[in-house]
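J.: The chain contents come next:
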Amino acid sequence: MTTMKLLRSITRTYIITTVIALILFTGVIFFLVTVILKSNIDEQLVNNKERMMRNYTGDPVMIFPFVEIKQIPVLPPRGSDILKDTSIYNPVEKEYENFREYVSFVESGNTSYMVIIRSSLIEQEDLFTAFIAVFGISSLLLLTALFFITKRTTRTLLAPFYRTLSQLQTFSLRNLHAVPFERTPIEEFNELNSIVTELTARAGREYTALKEFSENASHELQTPLAIIRSKLDLLIQKENLDEEQKQSIESIYQNINKLTQLNKALLLLSRIESDGFAETQTIDIAAELRRELETFSTIAEFKNITISYSILDQSPIIAHPVLINIVIKNLLSNAVKHNNERGIVNVRLANGIFSVENTGPQPADTTEKLFERFHKESPSADSTGLGLSIVKEICLLYHFILSYSYNDGFHRIVVTMDSGT
Amino acid sequence: MKLLIIEDEQELLRSMMEYIRGDGYICDSSSRFTDALNKINLNEYDCFVVDITLPGGSGLDLIRHLKKVQQNAGVIIISAKNSLDDKLKGLDLGADDYLTKPFHLAELNSRIKSVLRRRFYSGSSSITLNELRIDTEKHQVFVHNNEVILTKKEFDILLYLVTNKERVITKEGILEHIWGDDSNTFDNLDFVYTHIKNLRKKLIAQQCPDYIRSIYGTGYKFTIQ
Chain A
1 MTTMKLLRSI TRTYIITTVI ALILFTGVIF FLVTVILKSN IDEQLVNNKE RMMRNYTGDP
61 VMIFPFVEIK QIPVLPPRGS DILKDTSIYN PVEKEYENFR EYVSFVESGN TSYMVIIRSS
121 LIEQEDLFTA FIAVFGISSL LLLTALFFIT KRTTRTLLAP FYRTLSQLQT FSLRNLHAVP
181 FERTPIEEFN ELNSIVTELT ARAGREYTAL KEFSENASHE LQTPLAIIRS KLDLLIQKEN
241 LDEEQKQSIE SIYQNINKLT QLNKALLLLS RIESDGFAET QTIDIAAELR RELETFSTIA
301 EFKNITISYS ILDQSPIIAH PVLINIVIKN LLSNAVKHNN ERGIVNVRLA NGIFSVENTG
361 PQPADTTEKL FERFHKESPS ADSTGLGLSI VKEICLLYHF ILSYSYNDGF HRIVVTMDSG
421 T
Chain B
1001 MKLLIIEDEQ ELLRSMMEYI RGDGYICDSS SRFTDALNKI NLNEYDCFVV DITLPGGSGL
1061 DLIRHLKKVQ QNAGVIIISA KNSLDDKLKG LDLGADDYLT KPFHLAELNS RIKSVLRRRF
1121 YSGSSSITLN ELRIDTEKHQ VFVHNNEVIL TKKEFDILLY LVTNKERVIT KEGILEHIWG
1181 DDSNTFDNLD FVYTHIKNLR KKLIAQQCPD YIRSIYGTGY KFTIQ
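Order-wise, the sequence lines are chains A and B.
For the first sequence, my numbering begins at 1 and goes up steadily by one.
For the second sequence, my numbering begins at 1001 and goes up steadily by one.
Rather than coming from a laboratory, the hints here were simulated on the basis of the structure.
Mixed in with the good hints, there may be bad ones.
Here are the computed lysine-lysine pairs in the BS3-like style, where the Cα-Cα straight-line distance is at most 27 Å [unchecked claim]: (1) LYS303/A to LYS258/A; (2) LYS231/A to LYS1081/B; (3) LYS303/A to LYS1197/B; (4) LYS1165/B to LYS1002/B; (5) LYS238/A to LYS1197/B; (6) LYS1002/B to LYS264/A; (7) LYS231/A to LYS1067/B.
Computed far set for chain B versus chain A, every beta-carbon distance over 10 Å [claimed, not checked]: (8) LYS1039; (9) GLY1094; (10) ARG1133; (11) ILE1224.
Partial pick of chain B residues on the chain A-facing surface, computed with a CB cut under 7 Å [as the list claims (entries may be wrong)]: (12) MET1017; (13) HIS1104; (14) GLU1172; (15) THR1218.
Since the structure is predicted, the reported quantities are computational estimates derived from the model, not experimental observations.
For each residue, glycine too, the CB sits at the ideal point set by N, CA and C.
Whenever a hint applies, use it, and build me the whole structure from the sequences.
T.: Next up, the structure:
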């Protein structure tokens, strides 16, 4: 289905109906006028004949093409008079001209005559031309006027609607503020605005409730996790554990750990979303990155992964230091974690663009699905599936542009921090 | 050494007490705000472990009070909230350390010992176990008075094991200890194994008995018995 602007749709309908109406209207008027004119001419022709015959002396008359009176031997039966259109060649103008012709048969004395009276229809043709001209010009004027008037009035009329639309476009549950709408003189728009206001407020309330719920749930999980962990810490101190029990404990440990990490990540996510990192400071991201790379080189070495980097000094960015640190750490750890044995990691920072490339198996999804929560390419036991979505959330917060691509065996994640500001 | 643990979660409190008492410390407990306040006013302690969220009041208020009554005591905050705000507020009030739940008991133990060392053994900052001597201030390790050169991570692991000696320490606990909040970024337990292997090698090279025992499936134990 093709779509168009409301304004255009309204204007188009207006213009089409106006054109059709004008054509029909002109046709009807023209038809009526010709009928009336013709009957006038006919009446005049008949009258003229009567007048002429009253004083007729009996000589043949020939004023071509207007009047012809001829003697005829036999009078045709009554009712043979006819009125008809005809065209006659005009040798002066060298063209056919249209005439109305009245042929009648008259008996005067003992002689029968055929009387032909014609009236030029040239006036009628002029009239027709005039009609077309008047129609054309007036409809053109009308349409232009209509076009501009519709455009103007609908624009002012629809202005509140477009304002509502643009406000809805910038609406986000993350930074809820009451959407202010001014009163408009149009009832429907007021109704729309009040519904939108109510809807956004309700969505906001529900979103906040949901957020609080998940935050509370994560908080509540911390205590039982702490208890389980502490009990396990005590349990492993027991001297008389057999191998099987130790293995079970180890497995419980690992999973408690995973649960703890998951919960921490969820808490972090909800804290980012609820503006828990509002305070900011200037950060030298190049220095931060160099520091982290130092830490990572140890673990990369351990996994036989080569990290190469080129870092140019950056103008400082304004953000929460913890979040910037998380972005760097999560991207680096992601590149190291999901790498091949003896893989490569390339880190680059220049002109506000931070990119991390790493070798690794081709993902099933080369899309940005990677940044979705709990999206996992491999059933890796040591991954929460939240690391990249945390990065995404932080990028959203600071209006960084985050992109992912896979080319020639390299995963590449780019964070554009300086988007031309 | 006498400690007071203030924590409203009974089960966690019991675990902490059991672990800490294992080192021969006298350990009192309290799970309510007013009760804790009374204990602070009546008895003298060397170290307090305080949970921030308590029924009846905030742990931060307790710290404010106890810092007036018992200036020399060490204070460790434990909290379910990993909130920078609370942490800064607590440290501002004079707390020595801040630990986020859930934590390993060995971690709590090592933090308590570190606080006690700093506060009460400031003159001699070394731990001596037979031929092994660890200078916690200068980050030096000696065997038979010969220095063993360790990396920072190896030193941290050794100190962690020693402060929790005769206890089984999990690999996860060690990882968390040496990497702190970042441990989930490096959840590679082989990493711990490699560090410990190197640490043992360096100690044995200086004729130190192999005190570090691997406990199959769980972790390690530093034992001199």
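J.: So, for every hint listed, does it hold in this structure?
T.: Consistency of the hints with the structure:
1. LYS303/A to LYS258/A: Distance of about 21 Å is within 27 Å: holds.
2. LYS231/A to LYS1081/B: holds, 21 Å
3. LYS303/A to LYS1197/B: Roughly 16 Å between the alpha carbons, so the hint for LYS303/A and LYS1197/B holds.
4. LYS1165/B to LYS1002/B: holds, 20 Å
5. LYS238/A to LYS1197/B: holds, 25 Å
6. LYS1002/B to LYS264/A: violated, 33 Å
7. LYS231/A to LYS1067/B: Roughly 31 Å between the alpha carbons, so the hint for LYS231/A and LYS1067/B is violated.
8. LYS1039: holds, 22 Å
9. GLY1094: holds, 23 Å
10. ARG1133: holds, 26 Å
11. ILE1224: holds, 16 Å
12. MET1017: violated, 10 Å
13. HIS1104: holds, 6 Å
14. GLU1172: holds, 5 Å
15. THR1218: Holds, about 5 Å.
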